[in-house]
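J.: Sequence:
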Amino acid sequence: MGIGKKLLTNAFEYAKKNGYKNIEVGTGNSSIGQIIFYQKMGFRMRNIDVGFYDRNYNEKIYENGILCRDMIRFIKEL
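Position one of the sequence shown corresponds to residue 1 (full-length UniProt numbering), numbered consecutively onward.
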């Protein structure tokens, strides 16, 4: 098990023990690896915060040759 999977698995266990009903995460539209990873970990896309990175960062962010502009938010019910 990789470190990312282990960290999220521990977070799921902690959240359940402490009465949380779900966990939410967000990543950039250009973060292809993270988008795949979160879905493999059982997250579903919840919404897109259009222009999040445009509003919150002074410099443009490129990842995988893609301009990162929007925050994709995911949710996982526990």
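Just so you know, these hints were derived from the structure itself, not from any lab.
Watch out, some of these pointers could steer you wrong.
When the alpha-carbon atoms are kept at most 20 Å apart in a straight line, the in silico SDA-like pairs for lysine to any residue are as follows [claimed, not checked]: (1) Lys60 - Leu78; (2) Lys40 - Gly19; (3) Lys16 - Glu77; (4) Lys6 - Ser30; (5) Lys5 - Val50; (6) Lys40 - Val50; (7) Lys21 - Glu63; (8) Lys21 - Arg69.
Between beta-carbon pairs, the in silico distance windows are [to be verified]: (9) Lys60 - Gly19: 38 to 44 Å; (10) Gly65 - Tyr20: 32 to 38 Å; (11) Lys5 - Met45: 31 to 37 Å; (12) Glu77 - Leu7: 33 to 39 Å; (13) Arg55 - Met1: 18 to 24 Å.
No residue lacks a Cβ here, since even glycine has one placed at the ideal position from N, Cα and C.
J.: Look at each hint and say if it fits the structure.
T.: How the hints compare with the structure:
no.: 1; hint: Lys60 - Leu78; verdict: violated, 35 Å
no.: 2; hint: Lys40 - Gly19; verdict: violated, 23 Å
no.: 3; hint: Lys16 - Glu77; verdict: holds, 10 Å
no.: 4; hint: Lys6 - Ser30; verdict: violated, 24 Å
no.: 5; hint: Lys5 - Val50; verdict: violated, 27 Å
no.: 6; hint: Lys40 - Val50; verdict: violated, 24 Å
no.: 7; hint: Lys21 - Glu63; verdict: violated, 32 Å
no.: 8; hint: Lys21 - Arg69; verdict: violated, 29 Å
no.: 9; hint: Lys60 - Gly19: 38 to 44 Å; verdict: holds, 40 Å
no.: 10; hint: Gly65 - Tyr20: 32 to 38 Å; verdict: holds, 36 Å
no.: 11; hint: Lys5 - Met45: 31 to 37 Å; verdict: violated, 19 Å
no.: 12; hint: Glu77 - Leu7: 33 to 39 Å; verdict: violated, 19 Å
no.: 13; hint: Arg55 - Met1: 18 to 24 Å; verdict: violated, 36 Å
Violated hints, in rising order: 1, 2, 4, 5, 6, 7, 8, 11, 12, 13; the structure is consistent with all others.
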